[in-house]
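There are 2 protein chains.
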Amino acid sequence: MRTIKDLQEMHSYSMKMKRRGKSIGLVPTMGYLHEGHLSLVEAARKKADLVVVSIFVNPAQFGPGEDFSRYPRDLKRDRKLLNNFEVDVLFLPDAPKMFSGEHQSYVEVEGLSQKMCGRSRPTHFRGVTTVVAKLLNLVSPDYAFFGEKDFQQLLIIKKMVKELNFPVEIIALPTVREFDGLALSSRNQYLNPKQRKAAAVLYQALCLAKKEIENGERNPHKIIAQMRSLLSAAPGVRLDYLVLADPETLIELKKIKRKVLVALAADVGPARLIDNLLVEAK
Amino acid sequence: MRTIKDLQEMHSYSMKMKRRGKSIGLVPTMGYLHEGHLSLVEAARKKADLVVVSIFVNPAQFGPGEDFSRYPRDLKRDRKLLNNFEVDVLFLPDAPKMFSGEHQSYVEVEGLSQKMCGRSRPTHFRGVTTVVAKLLNLVSPDYAFFGEKDFQQLLIIKKMVKELNFPVEIIALPTVREFDGLALSSRNQYLNPKQRKAAAVLYQALCLAKKEIENGERNPHKIIAQMRSLLSAAPGVRLDYLVLADPETLIELKKIKRKVLVALAADVGPARLIDNLLVEAK
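Chains A and X, in that order, give the protein sequences.
Residues 2 to 283 in my numbering are what the first sequence spells out, letter by letter.
Residues 2 to 283 in my numbering are what the second sequence spells out, letter by letter.
Check each hint, because a few of them may be wrong.
Identical chains blur together in the list; that is why a pair holds if it fits in one copy or across any two.
Claimed, not checked - Cut-off 25 Å, straight-line C-alpha distance, at most; resulting in silico cross-link-like pairs (BS3-like, lysine-lysine):
| id | residue 1 | residue 2 |
| --- | --- | --- |
| 1 | K211 | K116 |
| 2 | K47 | K17 |
| 3 | K116 | K255 |
| 4 | K98 | K163 |
| 5 | K19 | K48 |
No lab work stands behind these hints: they were computed from the structure.
Modelling step: build the complete structure from the supplied sequences, incorporating the hints.
Here it is, written out as structure tokens:
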């Protein structure tokens with residue numbers, strides 16, 4: 002596994018490999034890797050000739066007062082985990098070079114970026130799309146891999162790629178979960194044992210919605226009320242949002258038809274956690 | 002000269018050529034070509050193995066009430082002009098595919114886009130950077146060519162390319178002028194003979210500023226006053242803005258030092274014209 006930090010070197014490497022006819026798969030991460038990330042690496046390994054994993058804790062996607070400075074970082078641990086896979090390049094873009102002091106260029110997907118997480122994190126998705134655009138330009142991958150756990154992010158990136166014609170295919174992988182259903186997240190690290198236990202309620206609430214929809218409930222408000230009641234019983238869980246929405250537009254549903262995105266965000270102790278489930282109303 | 006309209010075909014062509022080790026030069030235009038555009042084509046021909054000229058009247062860079070619908074279009078004439086050069090591909094992107102009804106993805110360079118032309122055309126540069134990002138992604142050029150006549154546009158595109166790491170080199174060519182100094186523009190076409198004659202005052206005003214600066218005048222207000230007086234004497238010329246600014250930040254100068262961008266925009270009859278001169282204070 003070769004490590005590249007210099008942006009120009011990353012670009013030159015990719016160009017050289019593309020001239021040799023090699024396809025490139027990019028797995029963009031913020032590090033502190035877990036099985037969710039590793040499932041993306043595995044998929045990239047199967048799909049592409051060369052696998053590039055980037056680790057960059059992107060300041061542009063954190064708002065003021067958010068957890069940028071305490072976001073978990075452990076490069077030694079990440080390297081060890083990646084050594085079990087055949088990763089060709091570990092790309093560690095040089096932070097000061099990525100966003101210089103007078104950075105003013107942004108990529109934004111309007112509409113979708115204002116909903117759900119965008120309400121409490123108004124500049125978050127602009128930071129995500131901007132850094133992903135930068136990584137796509139630096140690495141020129143044929144495929145880029147993202148997890149469905151960040152469903153809204155995935156949707157926004159797909160729309161950006163389509164509407165700005167980035168020459169890359171976005172590949173989504175299912176959320177990886179703990180034994181009790183908690184979605185893997187680097188932020189789970191913030192939870193103490195009590196909070197960790199309580200956090201399982203997020204997935205339980207999603208499963209409750211799934212069951213209700215599958216049992217024929219078509220009124221989103223009734224489902225949301227049940228979910229809220231379940232969530233409010235869990236100690237230290239403060240709900241941010243909870244929606245049953247159209248999985249393409251993220252517009253909240255008045256009546257359930259066909260596919261439904263059930264999505265939520267909650268603060269559990271010091272961790273802001275998100276999760277979602279895509280449910281088919283049969 | 003091969004014509005490509007399909008976006009996917011353009012991308013595939015570029016990828017094929019890049020695998021063969023060919024470099025690509027892109028000249029993005031809105032058509033109704035003049036000697037200014039042709040100087041870009043000529044420069045591209047010298048620099049790159051393959052030359053792609055795009056013609057696309059970009060709706061995203063026109064505001065409401067602007068001249069999108071009456072912007073001059075004459076593909077037959079453009080083809081004839083391009084036939085005198087060895088252009089490899091004429092890229093005519095399919096308009097409905099470029100911006101679909103629900104288009105929400107934009108690239109924006111904040112700050113620079115709000116100054117000068119951005120004041121009277123608040124969404125103009127966002128439209129420009131978005132379409133240029135799209136063209137860069139579709140064509141994957143090694144070089145892209147722009148005229149210095151659109152100085153602010155050039156500056157914004159350079160900043161976008163640098164800050165979003167687009168793998169392309171931006172090459173700027175000097176403004177091409179008529180016998181009386183009027184900068185070539187597809188919009189000169191809108192002028193009747195009287196307006197055409199009056200329009201020469203724009204360049205005369207720029208030259209006046211240059212002379213004053215070279216003669217040691219360091220107070221921008223005095224120069225602007227002289228320019229305004231000259232411009233106001235020309236029939237049918239309504240000034241939009243007139244600035245002496247820093248050529249990197251576009252911030253208006255309080256005192257003249259080193260390099261000065263002298264730039265203006267004016268309505269001359271039905272045409273909004275812009276021009277600029279970069280002056281070195283010796």
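Which numbered hints turn out to be false for this structure? none
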